Structures are given as C-alpha cells and as structure tokens.
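Starting from the given sequences, assemble the full structure and let the hints guide the process.
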Amino acid sequence: MFTAALLAILVTMGLALARAALGPTVFDRILALNMFGTKTVLLIAVIGFITHRPDFLDLGLVYALLNFIGVIAVLRFSRFGHFADPEDEEEAD
Amino acid sequence: METALDIASWLFLLTGSLFAVVGGIGLLRLPDFYARIHGGGITDTMGAGLVLVGLTFQAGDWLVVFKLVMILFFLLLTSPTSAHALSKSAMAHGIRPLLAEEEEESSPS
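Chain order of the listed sequences is A and B.
Per numbering that gives the first Met the number 0, the very first residue in the first sequence carries number 0; after that it's consecutive.
Per numbering that gives the first Met the number 0, the very first residue in the second sequence carries number 0; after that it's consecutive.
Derived from the structure by calculation, the hints contain no laboratory data.
The model shown is predicted, which means the values in this text are computed figures rather than measured ones.
Some clues are possibly wrong.
[Stated by the list, open to error] So the derived list for chain A, only partly shown, Cβ under 8 Å to chain B, looks like this: (1) Ala7; (2) Leu14; (3) Arg18; (4) Ala20; (5) Phe26; (6) Asn33; (7) Thr39; (8) Ala44; (9) Ile49; (10) Pro53; (11) Phe76; (12) Arg78.
[Unchecked claim] Quick partial rundown of chain B residues pointing at chain A, CB under 7 Å, derived from the structure: (13) Thr2; (14) Trp9; (15) Val21; (16) Gly25; (17) Gly40; (18) Thr42; (19) Thr44; (20) Val50; (21) Lys66; (22) Ile70; (23) Phe73; (24) Thr77; (25) Ser88; (26) Met90.
We put the CB at the ideal spot given by N, CA and C, even for glycine.
The following block contains the structure:
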C-alpha cells in the first residue's frame, strides 16, 4: 500500500518536472516547482512510514514551510528584481 | 480492527494517489497557465489531504497523528496563498487568461 502511494507520488513529481522543463512562461515553472515541493513533503511522510521512522514527519513539516517561503521569495524576486519590500525604493539615498 | 484500519488506509491512500496523478496530468495537459494552477491545487488539497489522512490510520502513536495533522494544516494554509500570489504576479506581469471568445475566433466551427 505504501509502495503504491510512493510510486504515484513519484509519477506526479515526474509530471511536475516535465511541466517545469516545458512551461513557456517562468510562472509555469514556479508553479511546477511549488507542486514538486508539496509532493516532496508527501514523499517524506510516506517514506517515514515505510521505514518505520516517525521522525521523518518533522522533516516534512520543515520542508513544507521552506517550500512556501521559497516560492514567495522567487515570486518577489521575479517581480521586483530584489528581495526588499517595495516601499524601500522611495528611500534611496 | 486492524483489517478495518488497513482497508480504510488503503482506500484513502489509493484515492489520494489517484488525485495526485490526475492533478499532475492536468498540469501537463491544460492549455493555459491559470488553468494549470487548478491542476496544482488538486494535488495540494485532495491528493495531499487524502494521502495524509490515509497515513494517520497507520500511525501507532497520537504524536504521529498530531504531526500529520499539522503537516496537513500547513499545506492547506500555504498552498492557496502561493496560488494566489502566483496568479497575482502573473497578472501583474501581463499574462492574460485564455478566454472562450479567443478560441471561437481562432477555430470557427
């Protein structure tokens, strides 16, 4: 049962990578990367159950948050060109 | 009791895997960027939710159940936020959705 879920999640990650390679715009690639990250969280949880190590769930939790922050950071960088807040541009000295 | 838990977790894991694969196929085959966000959203909500619920039936300890619920909670909070931020950035960048009028103009039938 876990191997079936593992294979399905791996297939989904492969499909997300295909979209990341194909996507005509950069936003398609960011979307595929976000999906890859959430599937990685599921993969970590399933592997934790397969190997009888419940500590993997902590890793999954941390990676879920990291993935979210990473996607928001990439979006901010692709829109503004830097990571600072947009209000800081008026205070140039 | 064990077999009932096993059957329940089989059901949830298989359904969640099916939703994940369907969402992945949708990500590849849908024609527009804004439609592909829906493909990603299917995997994040139904796929992840059902797989994680199916895993809770196999957990031996309440702490593991709590951790799985926390993972699901964070995924359900953050994936709509990322989808919204993504579509807002794409709209600000100038990407427009594919509307029905454009398709009718391109393929008169």
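Verification of the supplied hints:
1. Ala7: holds, 3 Å
2. Leu14: It holds, given that the least Cβ distance between A/Leu14 and chain B is near 3 Å, below 8 Å.
3. Arg18: holds, 5 Å
4. Ala20: violated, 11 Å
5. Phe26: Cβ of A/Phe26 sits 5 Å from chain B, so the hint holds.
6. Asn33: This interface hint holds because 5 Å falls under the 8 Å limit.
7. Thr39: Cβ of A/Thr39 sits 11 Å from chain B, so the hint is violated.
8. Ala44: Holds. Min distance 6 Å.
9. Ile49: violated, 10 Å
10. Pro53: A/Pro53 check passes; min Cβ-Cβ to chain B is 5 Å, inside 8 Å.
11. Phe76: violated, 10 Å
12. Arg78: holds, 5 Å
13. Thr2: Since the shortest Cβ distance to chain A is 13 Å, the answer is violated.
14. Trp9: holds, 5 Å
15. Val21: violated, 9 Å
16. Gly25: With Cβ-Cβ at 9 Å, over 7 Å, it is violated.
17. Gly40: violated, 9 Å
18. Thr42: The hint holds - B/Thr42 has a Cβ within 7 Å of chain A, the shortest such distance being about 6 Å.
19. Thr44: violated, 10 Å
20. Val50: The hint holds - B/Val50 has a Cβ within 7 Å of chain A, the shortest such distance being about 5 Å.
21. Lys66: holds, 4 Å
22. Ile70: holds, 5 Å
23. Phe73: holds, 5 Å
24. Thr77: holds, 4 Å
25. Ser88: holds, 5 Å
26. Met90: Interface hint status for B/Met90: violated (10 Å vs cutoff 7 Å).
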